[in-house]
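There are 4 protein chains.
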Amino acid sequence: MIVIMKHTHTENDILNARKIMEDGGVNVMISKGAETTILGAEGNADYIDTERLTVLPGVEKVMRVSEPFKKANRKYHPDNTKIKVGEVFIGGKDISLIAGPCSVESEEQIVGIAENVKRMGATALRGGAYKPRTSPYAFQGLKENGIELLIEAKEKTGLPIVTEIMSTDNLDLFEEKVDVIQVGARNMQNFDLLKHLGQSKKPILLKRGLSSTIEEWLMSAEYIMAGGNNNVILCERGIRTFETFTRNTLDLSAVLAVKNLSHLPVVVDPSHACGKAWMVERMAMAAVVSGADGLIIEVHNDPAHALCDGAQSITPKQFEELKGKLTPLAQCIGKNIM
Amino acid sequence: MIVIMKHTHTENDILNARKIMEDGGVNVMISKGAETTILGAEGNADYIDTERLTVLPGVEKVMRVSEPFKKANRKYHPDNTKIKVGEVFIGGKDISLIAGPCSVESEEQIVGIAENVKRMGATALRGGAYKPRTSPYAFQGLKENGIELLIEAKEKTGLPIVTEIMSTDNLDLFEEKVDVIQVGARNMQNFDLLKHLGQSKKPILLKRGLSSTIEEWLMSAEYIMAGGNNNVILCERGIRTFETFTRNTLDLSAVLAVKNLSHLPVVVDPSHACGKAWMVERMAMAAVVSGADGLIIEVHNDPAHALCDGAQSITPKQFEELKGKLTPLAQCIGKNIM
Amino acid sequence: MIVIMKHTHTENDILNARKIMEDGGVNVMISKGAETTILGAEGNADYIDTERLTVLPGVEKVMRVSEPFKKANRKYHPDNTKIKVGEVFIGGKDISLIAGPCSVESEEQIVGIAENVKRMGATALRGGAYKPRTSPYAFQGLKENGIELLIEAKEKTGLPIVTEIMSTDNLDLFEEKVDVIQVGARNMQNFDLLKHLGQSKKPILLKRGLSSTIEEWLMSAEYIMAGGNNNVILCERGIRTFETFTRNTLDLSAVLAVKNLSHLPVVVDPSHACGKAWMVERMAMAAVVSGADGLIIEVHNDPAHALCDGAQSITPKQFEELKGKLTPLAQCIGKNIM
Amino acid sequence: MIVIMKHTHTENDILNARKIMEDGGVNVMISKGAETTILGAEGNADYIDTERLTVLPGVEKVMRVSEPFKKANRKYHPDNTKIKVGEVFIGGKDISLIAGPCSVESEEQIVGIAENVKRMGATALRGGAYKPRTSPYAFQGLKENGIELLIEAKEKTGLPIVTEIMSTDNLDLFEEKVDVIQVGARNMQNFDLLKHLGQSKKPILLKRGLSSTIEEWLMSAEYIMAGGNNNVILCERGIRTFETFTRNTLDLSAVLAVKNLSHLPVVVDPSHACGKAWMVERMAMAAVVSGADGLIIEVHNDPAHALCDGAQSITPKQFEELKGKLTPLAQCIGKNIM
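For the protein sequence lines, the chains are A, B, C and D, in the order given.
Letter by letter, the first sequence follows residues 3 to 340 in our numbering.
Letter by letter, the second sequence follows residues 3 to 340 in our numbering.
Letter by letter, the third sequence follows residues 3 to 340 in our numbering.
Letter by letter, the fourth sequence follows residues 3 to 340 in our numbering.
Within a straight-line C-alpha distance of at most 25 Å, the following computed BS3-like cross-link-like pairs (lysine-lysine) qualify: (1) B:K34 x D:K72; (2) C:K95 x C:K337; (3) A:K8 x C:K63; (4) B:K337 x C:K337; (5) C:K158 x C:K204; (6) B:K197 x B:K86; (7) A:K34 x C:K34; (8) A:K278 x B:K8; (9) B:K145 x B:K197; (10) D:K63 x B:K73; (11) B:K145 x A:K197; (12) B:K72 x B:K197; (13) D:K120 x D:K204; (14) D:K325 x A:K95; (15) C:K34 x A:K8; (16) B:K72 x D:K8; (17) B:K327 x C:K95; (18) C:K337 x B:K325; (19) C:K145 x C:K197; (20) D:K204 x D:K73; (21) A:K86 x A:K203; (22) B:K72 x D:K34; (23) D:K63 x D:K8; (24) B:K63 x D:K77; (25) C:K63 x A:K34.
Label-pair ranges, simulated between beta-carbon atoms: (26) A:I32 x D:E146: 43 to 53 Å; (27) C:L173 x D:I153: 24 to 34 Å; (28) C:G326 x B:E109: 49 to 59 Å; (29) C:Q201 x D:Q333: 54 to 64 Å; (30) B:N29 x D:P330: 54 to 64 Å; (31) D:E146 x C:K84: 34 to 44 Å; (32) D:K63 x C:D171: 37 to 47 Å; (33) A:D171 x C:E13: 53 to 63 Å; (34) D:I153 x B:K8: 43 to 53 Å; (35) D:H9 x C:S108: 30 to 40 Å.
Calculated from the model, a selection of chain D residues having no Cβ within reach of chain B, i.e. all distances over 12 Å: (36) Y49; (37) K95; (38) S108; (39) E110; (40) E283.
Because the hints were derived from the structure by calculation, they are not lab data.
Beta carbons: idealized from backbone N, C-alpha and C, even for Gly.
Put together the whole structure using the sequences plus the hints.
Structure follows, in structure tokens:
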């Protein structure tokens with residue numbers, strides 16, 4: 003941390019700033035120039051009361067030098083974290099394909115899709131039971147029944163299930179029955195939920211918020227890890243920008259950035275990012291090349307009758323074609339499609 | 003709702019689209035041109051399955067004509083909603099001033115500030131007991147103790163208290179003890195929380211999400227109202243843009259827009275919007291002129307020692323000066339500062 | 003300027019960094035801590051080759067401390083710059099009202115509007131002769147004829163004229179005939195144009211770019227000033243965000259910020275910012291309260307037949323009403339409406 | 003085009019709206035429902051005066067159905083446009099690699115880099131002679147001398163040269179000496195420049211503006227094409243968002259979108275998009291997979307001493323490695339690296 007003093011500062015201002023820094027447990031280096039005086043923190047600056055420093059008379063600016071995330075930081079954990087989901091690991095050489103419908107609609111639908119995507123190479127089944135909808139009047143999901151139907155699909159296919167939690171009321175249900183607990187983009191900074199998931203023994207798939215910076219995203223992972231659960235899978239799903247052609251703007255450079263900054267695995271959701279089924283294949287391919295450890299893709303047997311997000315769902319046949327195209331691409335970058 | 007067909011559509015495509023629309027309870031008007039065929043919905047299009055329409059073969063585009071929010075819509079409730087908070091109403095001629103620290107820190111602090119701002123004209127006391135912090139390692143608030151201290155300040159001053167809920171676990175506590183329950187920007191689309199607050203009998207102060215459109219914001223209000231709680235106070239607190247000089251970008255045109263689209267009262271939080279204490283006064287003044295029904299302002303006896311957000315807190319003296327400047331401005335637009 | 007070294011830096015890395023800084027004409031202060039070594043520049047860091055520093059081995063980060071704009075900076079010119087436009091000064095106690103149509107359409111139109119707005123208190127006439135249109139097929143303005151019609155309106159009313167330049171080919175024409183030369187948002191970083199305008203003797207009204215930061219905006223003013231023309235009037239006209247209800251998002255906190263950072267006058271264009279005529283009055287009022295030195299407003303005798311931007315144009319009668327409402331507001335903040 | 007009437011419209015309002023539409027050369031279909039009346043345009047709606055329609059009493063909303071770009075539209079030109087640059091075509095099966103420094107600095111530098119990148123497979127040489135810099139005090143390029151040095155490098159290597167034009171004053175110079183004329187992001191809506199380039203016989207490389215929508219970008223291409231120059235190469239170079247880790251946010255879904263909407267070739271500039279040399283390789287790979295027809299990459303013999311953008315420049319050796327990795331990837335998607 004660096005503190006830049008105003009050119010009108012007094013000696014007393016420096017003493018006060020120094021004290022706050024030292025109270026935070028660091029040594030303070032002082033550089034006095036003709037116009038600028040700078041205080042540099044030596045040691046771990048995490049416990050310095052930045053807020054107080056910032057408002058101190060005589061202080062111009064406080065600049066943080068180090069990343070605020072620790073457990074999620076690759077600096078302290080150079081090796082990739084690999085997280086077991088069903089029979090496979092996410093975060094290693096193998097690229098995971100998580101596929102399934104936006105929402106669970108019926109036994110026939112979810113079991114049918116599960117069997118299809120299993121046969122075509124999916125490693126996990128996604129499907130919403132509790133659905134976050136902008137409108138209170140829209141279909142909100144089959145809820146507990148939806149979870150039961152996912153379990154049934156799992157029993158028939160062996161695919162582990164990934165589904166979104168929306169309420170801490172359902173923590174026990176999810177802990178018992180779900181393989182990977184998904185946190186949606188709109189809950190990425192629902193800190194109460196994150197803290198509870200820090201107590202979970204299940205892997206958490208943490209979607210990036212609509213307008214969350216990479217740092218905020220990693221800080222939300224840090225919330226879960228600080229609670230003791232290190233099994234966090236990050237998920238890039240597009241950010242909100244001024245562009246309206248796509249539903250969101252897929253930020254593939256964020257995948258590369260996060261793989262550099264953190265040891266956690268990252269998957270990409272091209273379906274929500276683009277919002278158009280015809281864009282999914284190419285963006286999925288680009289995502290793998292940019293370094294994603296997996297993909298989470300909306301697949302529906304009958305997109306025209308999907309209860310939600312049909313416009314961005316591909317068919318099982320399209321999923322199979324996608325897999326065929328991903329296989330040689332993955333080899334080019336030293337990875338495997340299972 | 004309008005459905006535009008692809009120029010390659012078949013008669014069967016039109017039949018299918020028409021059926022989905024009629025199933026939603028509307029009459030369908032068909033206009034066939036040489037190049038374009040358009041289907042228009044006549045009646046209430048809210049129950050049409052838009053998702054299915056969108057993915058239908060032969061459909062180019064589905065365009066919604068009417069606003070999706072109903073209970074929050076001024077069209078159906080032309081008069082301003084006035085919400086009683088303590089002795090005053092928010093949403094009428096009187097402008098409410100909600101003031102207090104970012105977080106409750108101690109009895110001395112919160113009671114001291116409460117007494118000060120009460121004397122200077124505040125109509126309610128704000129103060130965070132549960133704090134949403136980006137970092138799990140930052141001060142998270144005094145929690146239940148913080149609520150108790152707010153109650154104490156209320157007893158000493160008569161000021162009703164406004165504080166943020168972060169967890170559905172605390173619903174009973176807030177329902178019993180808090181006068182206005184605040185939903186933070188990061189929880190604006192925490193739909194589970196919104197549904198629970200639909201059951202509350204307390205007014206809800208709903209902050210706009212960091213990158214929420216005006217429509218999404220009103221839809222979140224609609225969630226609460228759909229549950230039966232019509233006492234929603236909207237709060238503009240700045241949106242996230244590319245600009246970094248201010249913490250957020252205060253969107254005063256949104257205040258004007260929302261007052262036009264909805265009958266709900268709107269307050270403005272210039273403190274979080276700007277993130278700089280010296281900007282609060284002017285932005286508060288501009289907010290009142292743009293039509294805000296109230297202001298929520300961070301005031302701290304000793305900003306330099308505030309545990310959070312000191313940089314954007316003004317002192318009680320500055321609050322008093324602000325009030326002095328607001329009074330004639332409010333008169334100019336036919337309103338009162340109490 | 004501060005340079006933070008990587009914790010893997012060598013002595014040689016420090017020597018190299020120091021040399022680049024000293025070549026830029028500053029003294030270098032070095033603070034060595036256990037983990038962090040920091041180099042601080044003492045003196046004017048403007049001539050340091052930041053690019054080279056940034057890529058030096060051993061350098062983690064280069065942080066600039068001071069603002070890069072000098073001539074536009076209030077630090078070195080504490081007093082407000084006042085720019086004479088016609089009979090009035092922009093930047094002092096008087097608030098200027100620049101009014102007129104989006105584009106000049108005919109003699110009758112522009113002279114008629116000019117006479118109307120003059121009578122109602124406008125201090126200058128705006129009107130586009132050269133129009134920047136997204137589509138090459140849209141009306142591009144009356145061009146040189148438009149300028150002639152503006153001159154005619156000026157002769158009839160005495161109002162100075164403000165109009166946009168789109169091409170350096172027209173520099174002589176504008177220098178001779180136009181009172182205030184406007185640079186549009188899309189040309190804010192057309193550096194070639196800015197450099198030429200640095201040679202002009204006319205005041206320049208510099209609109210903020212659609213996604214320009216406050217700093218970039220001031221740097222574009224700096225381009226003009228560096229060429230010798232200090233008469234730059236800044237114009238906030240809304241920025242591009244994710245919100246689609248308004249055409250742009252009016253950033254009134256930028257007005258306050260720029261008045262603090264710079265001595266240059268700032269006017270606000272609520273018409274382009276909102277894109278809706280009914281929003282203009284309130285946003286104009288809020289702009290004045292937030293510190294704007296003037297307003298530039300689209301006024302059309304017959305918005306329904308305007309060749310462009312009719313949806314955001316107000317009528318002369320509405321302009322008169324607006325002026326009536328601005329007068330007491332301006333008094334509240336110690337300013338005058340002429 | 004569709005016009006939705008207010009539910010308070012009169013018969014006269016419909017007559018007026020209909021007249022404006024018919025004046026634009028279309029037939030009008032009218033659908034009257036109980037609550038909604040809709041007017042649909044049948045035929046080419048491009049010449050309808052949308053502005054006038056929008057402000058007509060009784061009109062609620064005007065919605066455009068068709069894309070406003072015609073010459074750039076794939077609908078009317080289904081085949082890919084292939085543009086000859088030197089010996090190769092951009093827009094076909096071969097992927098072009100345009101490489102070179104941010105700015106031309108000296109004969110030794112530019113010829114050295116040109117020889118290096120030529121040997122390693124570049125198909126064109128990039129290099130700035132006129133540099134758009136945010137600060138008027140920063141290095142502005144070698145200007146005409148820079149062009150001469152590029153010519154020299156071209157003579158030594160045979161590589162065609164790509165360089166940015168900043169002023170219409172230089173049109174003749176560029177027309178005579180430059181192979182591909184680049185329009186920078188900040189000039190994407192410098193319509194005067196675009197019109198002049200419509201007269202050029204040289205291919206134009208048109209960078210996407212910092213906050214330009216896909217539609218606006220294609221409309222700027224349309225400006226050039228409307229003037230008669232169909233040789234427009236689009237260039238995605240990252241858009242401005244709230245994220246600050248990368249210099250811009252590379253929007254690869256825009257590449258896919260533009261290839262779908264338009265027949266024009268698209269190249270990607272990962273260097274400016276990311277602003278970090280270590281990110282270039284992966285983002286270049288992802289760009290090719292997402293459908294880019296070429297890459298434009300900053301390569302410098304000695305990034306540590308580059309006069310600009312050193313932080314994002316890769317070395318010739320890294321460029322060679324990149325090419326090695328692109329070759330098998332391109333094969334996977336049926337393309338060639340030359």
